[in-house]
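*Asks:* Below are the chains, spelled out letter by letter.
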Amino acid sequence: MTKDKFSRRDLIKLGSGIVAGGFLPATSAVNAAADGGAKVDIAKLIRGKIDYTKAKATPTICFGCTTHCGVIGWVQDGRVRKMEGNPLDPNSKGNICAKAQGVISATYYPERLLYPLKRVGIRGGGKWKRISWDEALTEIADKMRPLRENNVPEEFVFHYGRDKTKGYTKHFTNAFGTPHRLNRRSICSSNRRAPLMSFYGREFEWETQDFENTKYIINFGGNPMEAYQGGLFMMHRIRKAQAENNAKMVTFEVRPSATASVSEEYHPVMPGTDGAIAMAMIHVILGEGLEDKAFWERWSNYPLEDLRKHVKTNTPEWAEAITSVPAADIKRIAIEFAKAAPYCTTMSNRGSAKHYNGVQADRAIRMLDVLVGNVGKPGGFCLSSLRGWANRYGQDGLPKLSMPGPKPSDPKPWGIGEGFNEEAFRKLPEFVQERVNAFPDKWRNSYYGELATPSEYPLAWHWYQMRVGQLVYPYIKEGRQKVSVYMSFTLGAAYGYPEANAAREVLLDEELIPYHIAIDIGYGEQTALADIILPEATALERWDHHSTNNYGLIPYTGVRQPLVKPAGETKSVQVILRDLARKIGGGMEQYFIQMEDMEAFYKEWYKNLPVDWGTFKKRGIWQDETRAKDYELYEKQLTGAELEGSEVGEDGIISKDGKAIGLMQGDKAVIGFETPSRKIQVYDEIWPIAAKAVGLPMDDVNASPIAIYDTVPEHRDLPEDRYIFSTFKWNVHTQGRSGHWKYNAEIIHTNPVFMHPETGKTLGVSEGDTVKVSVYRPTGATYRSGEPGVMNSFENHVRFLKGMHPRVVMCSHHVGHWEHGAVGRSENQISGPVEGLPKENDLPVDRDIPKKIWWAKKNGGIGGGVHINDALPINPCPLTGGQNWYDNVCSIEKVS
Amino acid sequence: MAKSDIPWENVGPEFKVNHGKVGMLLDLNRCVGCHSCSVSCKTEHEVPLGVFRMRVRYLERPEAKTLAFAPMLCMHCEDAPCLKACPSKAITRLEDGRVIVEESKCDLEEECISACPYGAIFINEDKAVAEKCDFCHHRTEVGLEPACVATCPSGALEFGDLDNPDGPLVKSIERTSAKPWKEDAGTKPTVFYAGHEKWMEAMANTGVQLDPEDADITYEQNNLKK
Chain L
1 MTKDKFSRRD LIKLGSGIVA GGFLPATSAV NAAADGGAKV DIAKLIRGKI
51 DYTKAKATPT ICFGCTTHCG VIGWVQDGRV RKMEGNPLDP NSKGNICAKA
101 QGVISATYYP ERLLYPLKRV GIRGGGKWKR ISWDEALTEI ADKMRPLREN
151 NVPEEFVFHY GRDKTKGYTK HFTNAFGTPH RLNRRSICSS NRRAPLMSFY
201 GREFEWETQD FENTKYIINF GGNPMEAYQG GLFMMHRIRK AQAENNAKMV
251 TFEVRPSATA SVSEEYHPVM PGTDGAIAMA MIHVILGEGL EDKAFWERWS
301 NYPLEDLRKH VKTNTPEWAE AITSVPAADI KRIAIEFAKA APYCTTMSNR
351 GSAKHYNGVQ ADRAIRMLDV LVGNVGKPGG FCLSSLRGWA NRYGQDGLPK
401 LSMPGPKPSD PKPWGIGEGF NEEAFRKLPE FVQERVNAFP DKWRNSYYGE
451 LATPSEYPLA WHWYQMRVGQ LVYPYIKEGR QKVSVYMSFT LGAAYGYPEA
501 NAAREVLLDE ELIPYHIAID IGYGEQTALA DIILPEATAL ERWDHHSTNN
551 YGLIPYTGVR QPLVKPAGET KSVQVILRDL ARKIGGGMEQ YFIQMEDMEA
601 FYKEWYKNLP VDWGTFKKRG IWQDETRAKD YELYEKQLTG AELEGSEVGE
651 DGIISKDGKA IGLMQGDKAV IGFETPSRKI QVYDEIWPIA AKAVGLPMDD
701 VNASPIAIYD TVPEHRDLPE DRYIFSTFKW NVHTQGRSGH WKYNAEIIHT
751 NPVFMHPETG KTLGVSEGDT VKVSVYRPTG ATYRSGEPGV MNSFENHVRF
801 LKGMHPRVVM CSHHVGHWEH GAVGRSENQI SGPVEGLPKE NDLPVDRDIP
851 KKIWWAKKNG GIGGGVHIND ALPINPCPLT GGQNWYDNVC SIEKVS
Chain R
897 MAKSDIPWEN VGPEFKVNHG KVGMLLDLNR CVGCHSCSVS CKTEHEVPLG
947 VFRMRVRYLE RPEAKTLAFA PMLCMHCEDA PCLKACPSKA ITRLEDGRVI
997 VEESKCDLEE ECISACPYGA IFINEDKAVA EKCDFCHHRT EVGLEPACVA
1047 TCPSGALEFG DLDNPDGPLV KSIERTSAKP WKEDAGTKPT VFYAGHEKWM
1097 EAMANTGVQL DPEDADITYE QNNLKK
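Residue numbers (my numbering), protein chains in the order written: chain L, 1 to 896; chain R, 897 to 1122.
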């Protein structure tokens, strides 16, 4: 861009490779210019642009993050050129974010994996050779088949990072016979889902607030304007409600996030203290008599008078001392919130939940909604049909959608006795066997070993298997589970898990992990440690079934469909697992017979929709718009047919065939909630039961049957020179998966240490100085608790922001990749396994990569930020196992 | 031609919306700084890395703990300095008022770049032309909104007709008391900002990254400080 560098003639020589567009003949549409008098040839003006009259538009479902918006892909000359929102999607309503375009980058970047690869030389050495699919699958099948034949299928471990196949991978692991289909829910959201399921039952692990109609939102550490599962669905509704409905949003956060910045009020809060604010708000609302007594008494399972006693000491002044939020503000906000009921709602996410006391914080926050009676009401805290369409709670009248074909059964639970897998159970450490033997029947019947159902964390799998992903590698290292074949699928543990170095250490150990298969789109830190890599088709090249809860409160379904053929030799994960199952054989193949033609398979999946397949594909979305919104689902009266053969217990619970189906409310038989009491369980014995079962002290915050506040153990008496080190996600990135999306990485590729200017002053550092952040291990009842000394540290430079909480320093965790191509690595040369790179290739040429990566050090830039995930300790929350990401205590020293 | 109930089927010259004078409103009270407009723009026009037809700036509020967000693009000025500055007469105004670069006429004199008070113009080295926002001419010709407007999830961007006093754009500008960015430059922009505050214009050293060490500390849209 320097003036002397190029002349027009020089640049023309470089060649633009631009193809003329064509919706207007070159000679037509000449406009007269108003000033200057020049004639403008429109056709010339727009050459090289997408020709929307020729490009083909296909609706599909975005996979730029886990929100899954309906999108339109425009394809011209066999290449996806542009993503737009699908206005027919009732959840996103045609809105999309910056990540939606990133999926194009992920499909066409020059280092994309296009062929199966087999490692050459040592594991992690970075040398690969291209092999055929047949060679790859034959080799893998030969490793896996003996595990089934020798009756040790559990030695095959499937571990995924992001799986939206809606049951397909489970179909594979079940057909193989292993219970080890591991995920990363604990890394993400288990501390938020567990309180919801404790309150509302299995079906409602994710709330769906009625933001369209709300007047008042209290947000505890949620960031829907940047990164939140469902964030975009929330964002456009919240912004509209604020602008047009005079809705007010109050945000408690530790940094000036986009959400904090667009809230009517932002209060910096001491990390891990959101629960204290919520408890104090309950105190205020009761003190002011603003509670909805009728709703509380009808639907909660706890006496109001007991609650009054319970929160007696939780005054706003008490909370101020803990949280650093002024008592007067807490009081005012509580009153405003309660007065807006039922047109008010709370929201919360990792900011409140990913702490040692986070489960109780979220339970306190959830209690606020019950107290003001906004649950299920217009403008309030609503719950909507979430899981696939299978005549579940709240799904009456919806067509049933299910994966076609014969279904393999679940593996046998591990234990002693008839119907249990005793052989696998006997291999467990003795203390584990003893603990499991003492478990209640419900848990014994759903126990599948320490990787799938870690016995120390029963509430990670009490409702369903959320698992404790960050302990998988330590457990393998400890020998709690023998692994013969390990398959990672779209997993970035080697980069993104807490103590990612511990994950890498295990992944590099060929005794612990004798054989590692990685299925992924790109060559990342995880695939680099594999023995064999199977290249996957991207979301723009494959099918998936889609359904999720709608913030518009009327269920809908959509279909992800291929816009273009899979590039190179890539295949969708469905095709990969199908072909592998057939290679393994031994009866496993019978579960994959209906899958010859993937389109026909998905067509069958949707066969009950009252719309023909062609129309559904053309629209991408189906919804019965005339259906009533999901308000007050719990008040639905049971029909005569439903009640036939049922009985009513002393507690009013209606049971049929030994299963609770509803509740008597006065003389009405209503469905209630899917909890044991059929009420909202603000009081739930499951917490102390679980605590007792694993030997957690009963005075631990996590053992309480009703929400309480207690300070995070390592934050008690925090010395002046210690700070809380926290992390966050930027709006243009999706965890560590988007480092190679060029336009997104161009915006965010570094992660300075954000701190308050006063914090800088205390530390004697100026903006731009480099500091060393040293992190210590936690001290609660958790992994490697209380080990003295620095756990790990990193260096990075400082940026001041006045909106930071003064006791917090913060970095984003997306950057500092050492794989993921030139863009991901912020380098000026193409990288990755050379044999796997496209050659004559069918990927479009990208002129930017690598020479225009201006932030690459060798191009004169700052480079790609600092990888911080080795310095975040593994810190599972007691009982649920949710990773307490935001509790880390650190010290900071100036380096330069 | 009957309109399809599938919105993306209503695309073609017959769906073009004719505007007397095009303009845009950027409502900073709605913007959430998500960069969706900017990345959509770059994808739409395949803009090389390092240069921007549109970008979003993050501005730390001087009197508050929060940030403001400001998408920046060509202001399509009624008194456009770039148009006057170009020795090759490659910059011109279309009938609907938008200011465009005729790429075939550009001779890379770069006079336009220094003439623009908004940093909106840059050299596209791949195409060997000066480039800037054209309100997505290829899209509006076939009845689509500009890429940034079509993608905005927070309702911050509105494109329309400034000549129609009863039209939605004029009404929105009136309702929000929107004003041009740097009105003092006197170039009569047709892009208006709601929620714009004077201090924002003075904040030159604020890049999207909020990173003081990055080369991305930019002035306006493109890095003129290099």
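Just so you know, these hints were derived from the structure itself, not from any lab. Being a predicted model, the structure only gives us computed values, none of them experimental. Cβ coordinates follow ideal geometry from the N, Cα and C atoms, glycine included. Please note that a few of the clues may not be correct.
Said to hold, decoys possible - Not everything, but these chain R residues come out facing chain L in the computed CB check (under 8 Å):
#	residue
1	898
2	908
3	912
4	913
5	914
6	930
7	939
8	944
9	955
10	990
11	1034
12	1051
13	1059
14	1066
15	1068
As the list claims (entries may be wrong) - Coverage of chain R stretches by chain L, computed from C-beta distances (three or more under 8 Å per stretch; other residues unrestricted):
#	region
16	991-1001
17	1010-1018
18	1075-1086
Claimed, not checked - Far from chain R, by Cβ distances over 12 Å, these chain L residues were calculated:
#	residue
19	44
20	96
21	253
22	502
23	531
24	604
25	649
26	695
27	807
28	848
29	852
30	855
*Asks:* Decide, holds or violated, for the assertion that all CB atoms of chain R are farther than 12 Å from the CB of residue 649 of chain L.
*Replies:* With a cut-off of 12 Å, residue 649 of chain L remains clear of chain R, as the shortest Cβ separation is near 49 Å.
*Asks:* Check the non-interface label on residue 848 of chain L: least C-beta distance to chain R beyond 12 Å or not.
*Replies:* 4 Å, violated
*Asks:* Can we trust that residue 44 of chain L is non-interface, i.e. its beta-carbon lies farther than 12 Å from all of chain R?
*Replies:* Given that some Cβ of chain R is not farther than 12 Å from that of residue 44 of chain L, nearest at about 6 Å, it is violated.
*Asks:* Quick one: see if chain L covers the region 1075-1086 of chain R, three-plus residues with Cβ-Cβ under 8 Å.
*Replies:* Per the Cβ count (0), the hint is violated.
*Asks:* Just checking, residue 253 of chain L versus chain R, shortest CB gap more than 12 Å?
*Replies:* 10 Å, violated
*Asks:* Is the Cβ of residue 855 of chain L farther than 12 Å from every Cβ of chain R?
*Replies:* Residue 855 of chain L not clear of chain R: closest Cβ-Cβ about 7 Å, inside 12 Å.
*Asks:* Regarding the hint that residue 955 of chain R lies at the interface with chain L, is the smallest CB-CB distance below 8 Å?
*Replies:* Where the cut-off is 8 Å and the nearest Cβ of chain L is about 10 Å from residue 955 of chain R, the hint is violated.
*Asks:* Report holds or violated for the interface hint on residue 990 of chain R, using the least CB-CB distance to chain L and a cut-off of 8 Å.
*Replies:* 5 Å, holds
*Asks:* Please verify the coverage claim for the region 991-1001 of chain R: does it have three or more residues whose C-beta sits within 8 Å of some C-beta in chain L?
*Replies:* As far as the region 991-1001 of chain R goes, the hint holds, because 6 residues have Cβ atoms under 8 Å from chain L.
*Asks:* Can we keep the residue 914 of chain R interface hint, with Cβ of chain L closer than 8 Å?
*Replies:* 12 Å, violated
*Asks:* The hint names residue 930 of chain R as touching chain L; please verify it with the least Cβ-Cβ distance against 8 Å.
*Replies:* Because about 5 Å separates residue 930 of chain R from the closest Cβ in chain L, which is inside the 8 Å limit, the hint holds.
*Asks:* Verify that the Cβ of residue 531 of chain L lies farther than 12 Å from every Cβ atom of chain R, and report whether the claim holds or is violated.
*Replies:* Residue 531 of chain L clear of chain R: closest Cβ-Cβ about 35 Å, beyond 12 Å.
Going down the numbered hints, you'll see the structure goes against 1, 3, 4, 5, 9, 13, 14, 15, 17, 18, 19, 20, 21, 28, 29, 30, while the others check out.
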